[in-house]
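Going down the list, the protein sequences come from chains G, B and Y.
Per the numbering used here, residue 141 is the first one in the first sequence, and the count goes up by one each step.
Per the numbering used here, residue 854 is the first one in the second sequence, and the count goes up by one each step.
Per the numbering used here, residue 514 is the first one in the third sequence, and the count goes up by one each step.
Simulated from the structure, these hints should not be mistaken for lab results.
Idealized CB from N, CA, C, for every residue including glycine.
One or more hints might be untrue.
[To be verified] So the derived label-pair ranges between C-beta atoms look like this:
1. B:1019 with G:143: 44 to 52 Å
2. B:925 with G:359: 58 to 66 Å
3. G:262 with Y:761: 16 to 24 Å
4. Y:563 with G:219: 29 to 37 Å
5. G:379 with B:981: 49 to 57 Å
6. Y:535 with G:369: 41 to 49 Å
7. G:154 with Y:622: 16 to 24 Å
8. B:1094 with Y:608: 53 to 61 Å
9. Y:617 with B:911: 51 to 59 Å
10. G:203 with Y:684: 32 to 40 Å
11. Y:608 with B:976: 47 to 55 Å
12. Y:622 with B:1070: 53 to 61 Å
13. G:299 with B:1016: 40 to 48 Å
[To be verified] Partner residues are not named here, just some residues of chain G that face chain Y (Cβ under 8 Å, in silico):
14. 142
15. 145
16. 253
[As the list claims (entries may be wrong)] With a Cα cut of at most 20 Å, we get these calculated EDC-like pairs of lysine to aspartate or glutamate:
17. B:922 with B:910
18. B:957 with Y:668
19. B:922 with B:1007
20. B:861 with B:914
21. B:944 with Y:688
22. B:944 with Y:522
23. G:232 with Y:688
24. B:957 with Y:763
25. B:1082 with B:1029
26. B:1082 with B:1007
27. B:966 with B:978
28. B:957 with B:930
29. B:926 with Y:673
30. B:944 with Y:668
31. B:944 with Y:763
32. B:1075 with B:882
Single-letter residue listing:
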Amino acid sequence: MGLRRFLIGFATLSALASLWYGATSVTGLVSSGRFPSPIETYTAFQQIAWRGYAGGTLPAHALHSIRLVAMGFAVAVATGVPLGLLMGSSRKAEALINPVFLLIRPIPPLAWIPLAILWLGLGDAAKIMVIWFAAFVPAVINTFSGVRSIEHPVIEAARMLGTPPWRFVVEVVAPAASPMIFTGLRLSLQASWTTLVAAELVGALFGLGRVLNLAQQDIYPGMILVGMIAVALCGWMTTRFLAFGEARALAWRHFEAKPAR
Amino acid sequence: MAAIRFDKVQKYFGRGEKRMHALSNINLEIEDREFLAIVGPSGCGKTTCLRLVAGFDAASEGSVSVAGKPVMKPGPDRAVVFQQFALFPWKTVRGNIDLGLRNKAMGFEEREKRIADVLKLMNLETYADAFPHQLSGGMQQRVAIARAYVLDPEVLLMDEPFGALDAQTRVVMQEELVRLARVQPRTVLFITHAVEEAVYLADRIAVMTRRPGRIKELVDVKSVRDAEKWNRFERIEDVMDLDSFVHLRTGIWRSLREEKNG
Amino acid sequence: MDRRLSHSETIGLGALGLMSFIGLWAAISGFGLVPEQFLPTPIAVIGRFIDLFREPFAGFTLQQHLSSSLMRYLYGLLLAAVIGIPLGLAMGWFRTLDDVVTPIFEGLRFIAPIAWVPFAALWFGTGIGGPIMIIFAGAFPPCLINAYRGARFVEPRLIEAARMLGTGHRRMLMEILFPASLPSVMAGVRVAAGLGWQSLVGAELIVASAGVGFMMVQAQASVQTPTVMAGMIAIGITGLLIDIALRQGESLLRHRLGAD
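Take these sequences, add in the hints, and give me the full structure.
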């Protein structure tokens, strides 16, 4: 069964690759102004990988973007998870904070970009602010849900054992809610990448989004494709990294978490 | 010609180490218009037998045929009544019954007539436009039976059809089924683990062993029913009081107990 | 965790939180702690919001920008649903189709919708095609995935019953799989609507000549902070209304099907 899937998948991708090559290079059905041929893409890749484009080489741009995502993500997690824990543990805190949260929540993260640029300019700080905002919301919501869905007997046992508040949160609540917290973190990471690319497209001096933007202005489809693939790969890499961390943190679970689709 | 025929049927599930032998050398012939019940301990494979006739599963060895033709895939000639009703919740009662007829590309007028007839037969006329969730369990099962009957199938396959109903409704439905069988006799393969139900309803009963399931014995009920004239009674409890009934029932119980302990 | 709060406590604390937030905002801006362009007062923002309904900015009034945005949004969403839902259902039913499409889909899924903007700009300029393409990229996956899951996880008994009744492929998809997976499909549409709205905003920041996102970018370029914030409010409210409308539709449908 698995072999069959693999073979069909392989056949499909091969067919698509041939189609790509055929439509662009061989027949010229798709002109090079619209979509790059495999060769053009490779040429663009060679350029940016070794000679550089938009002010730097591909690794430099990629690293820059990854750094920003990591920083924004880290700040979002450091602020969002504790807030979620607080709102989940204390109904008073929830009642106090919820209205403000509900007010801010409907505003899409990308809508903060113009304001961020006004406040912090076109540099890194504005990007981190927007990423923080995008990643913050899922982290809070999922942490909150995670805390609220902890089974009552666990809580009652901890209270019966006379656990003081700080230890209660750190050693009981947080670990118990960690599966859902990690779901939130996965969403946060996805949101971080989306926001970063958007922010860099709107206005940036460096980074993968800048590469995409400049390539579009230069009418350089090969470079656009290289940029998109780079974004996808970086996103995939960071997601794997997070998954690794998740597997370590959730090692105490004895059944397999279903893979997200 | 037999309506349903099992010929040297073997059924295995799974592969390698996890292979499970479900049915072992099943040979059975069910005559036209015969009501045959299969009883046996849990997991003996009785439902599997039904699924082979229905075409949801295929025999590993041997063959299963209906009216001489080997079973290939599911179809309206072998209508099934499921334990959990399996009605389509988004269709009305009428819609549920109609689907099978539309699949046969039957014309509108013919369909309407058939549906009206079967609604009358099953006492569902007032509920024709209701949705399943508005009906009780017993009524839903009536709809399921109507849906199967309206197809005029070669054989009717019933998989513990009253298992999900409460005790009182169950009794009512059993009496219903006896009445139906008199009015519109059909070939029926009936699966149940309730021995009394089988004795009350069936012409013959096949007792199955534990897994891997074989047919341990075939009990002829019809000759006893005809001789003792069980049909003179309308109510189930009157029939179940008869010595002849009790004798048959107890015999099968003993047979099954051997399977449990053996 | 701790005890449930009474109705009045919840409302009271909520009001307290809200008031503190707005009060802080008003205080920081009102007392001139930061320059006007940085953080306008809440009143200035509300005022500007209302003004924009009468005074055009960047060529159109607020409602004109909004309707322009909404039109693109609905086209993109509709396209995503019309293609994604049937395809997802078909993939759930025909295993071979699933095997063919899934690798392609999985490969493309990692590309954030917004990353398609450069190609959209190249192909459509600032025309309507660009935003629609981005919205489609965002809204398509949830429509497809939820339809697929809905079809795959239909109660097996229902499928067996339909097969027993001799139901052909077309009827199976239309009359059995689609109604059975409607709850999942509707949830998918709701998620798609949210993602589509987000993608729209992103697209309009970059490749539009009208619409609320475009308005905000223009305002940012001319340092008109109250307009930027008014735009954010408009986007937030619209997104919220869309979500509420869809939730209502979803629960109405559940009620009708008696699924609850």
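Here is what the structure says about each hint:
Roughly 49 Å separates the CB atoms of residue 1019 (chain B) and residue 143 (chain G), a value that falls within the hinted 44 to 52 Å. Checking the proposed 58 to 66 Å range against residue 925 (chain B) and residue 359 (chain G) shows it holds: the Cβ atoms sit about 60 Å from each other. Between residue 262 (chain G) and residue 761 (chain Y) the CB atoms are about 42 Å apart, so this pair departs from the stated range of 16 to 24 Å. The hint said 29 to 37 Å for the Cβ distance between residue 563 (chain Y) and residue 219 (chain G), and at roughly 33 Å that hint holds.
The hinted range of 49 to 57 Å is satisfied by residue 379 (chain G) and residue 981 (chain B), whose Cβ atoms lie roughly 54 Å apart. The hint said 41 to 49 Å for the Cβ distance between residue 535 (chain Y) and residue 369 (chain G), and at roughly 46 Å that hint holds. A hinted range of 16 to 24 Å for the beta carbons of residue 154 (chain G) and residue 622 (chain Y) is consistent with their spacing of about 20 Å. For the pair residue 1094 (chain B) and residue 608 (chain Y), the beta carbons lie near 55 Å from each other, so the given range of 53 to 61 Å is met.
Our hint of 51 to 59 Å for residue 617 (chain Y) and residue 911 (chain B) is violated, since their Cβ atoms are close to 33 Å apart. The beta-carbon spacing between residue 203 (chain G) and residue 684 (chain Y), approximately 55 Å, falls outside the hinted interval of 32 to 40 Å. Roughly 42 Å separates the CB atoms of residue 608 (chain Y) and residue 976 (chain B), a value that falls outside the hinted 47 to 55 Å. Distance hint check: the CB atoms of residue 622 (chain Y) and residue 1070 (chain B) are about 60 Å apart, consistent with the given range 53 to 61 Å.
The hinted range of 40 to 48 Å is satisfied by residue 299 (chain G) and residue 1016 (chain B), whose Cβ atoms lie roughly 45 Å apart. Taking 8 Å as the C-beta cut-off, the interface hint given for residue 142 (chain G) is violated, the closest approach to chain Y being about 11 Å. A hinted interface residue such as residue 145 (chain G) counts as satisfied when its beta carbon comes closer than 8 Å to some beta carbon of chain Y; here the least separation is about 5 Å, so the hint holds. The beta carbon of residue 253 (chain G) is positioned within 8 Å of a beta carbon in chain Y (closest approach about 6 Å), and the interface hint is therefore held.
As the CA atoms of residue 922 (chain B) and residue 910 (chain B) are separated by approximately 16 Å, the hinted pair is consistent with the 20 Å bound. Only pairs whose Cα atoms come within 20 Å are accepted, and residue 957 (chain B) paired with residue 668 (chain Y) is rejected, the gap being roughly 24 Å. As the CA atoms of residue 922 (chain B) and residue 1007 (chain B) are separated by approximately 12 Å, the hinted pair is consistent with the 20 Å bound. Straight-line distance between C-alpha atoms of residue 861 (chain B) and residue 914 (chain B) comes to about 7 Å, which keeps the hinted pair within the 20 Å bound.
Taking the CA atoms of residue 944 (chain B) and residue 688 (chain Y), the gap is about 9 Å. The hint holds against a cut of 20 Å. Straight-line distance between C-alpha atoms of residue 944 (chain B) and residue 522 (chain Y) comes to about 46 Å, which puts the hinted pair past the 20 Å bound. A C-alpha spacing of about 49 Å is found between residue 232 (chain G) and residue 688 (chain Y), which places the hinted pair above 20 Å, so the restraint is violated. For the suggested pair residue 957 (chain B) and residue 763 (chain Y), the alpha carbons sit about 34 Å apart, so the restraint of at most 20 Å is broken.
At most 20 Å may separate the alpha-carbon atoms for a hinted pair to count; residue 1082 (chain B) and residue 1029 (chain B) meet this at roughly 18 Å. Distance check on the hinted pair: residue 1082 (chain B) and residue 1007 (chain B) sit about 28 Å apart at the alpha-carbon level, beyond 20 Å; violated. The suggested pairing of residue 966 (chain B) with residue 978 (chain B) holds, with an alpha-carbon distance near 13 Å, which does not exceed 20 Å. Our distance criterion of 20 Å between C-alpha atoms is met by residue 957 (chain B) and residue 930 (chain B), whose separation comes to about 11 Å.
The straight-line distance between the Cα atoms of residue 926 (chain B) and residue 673 (chain Y) is roughly 11 Å, inside the 20 Å bound, and the hint therefore holds. Pair hint residue 944 (chain B) plus residue 668 (chain Y) holds up; C-alpha atoms about 16 Å apart against a cutoff of 20 Å. For the given pair, residue 944 (chain B) sits about 18 Å from residue 763 (chain Y) by alpha-carbon distance, which is consistent with the 20 Å threshold. Taking the CA atoms of residue 1075 (chain B) and residue 882 (chain B), the gap is about 16 Å. The hint holds against a cut of 20 Å.
In the structure shown, a violation is registered for the earlier hints numbered 3, 9, 10, 11, 14, 18, 22, 23, 24, 26, in ascending order.
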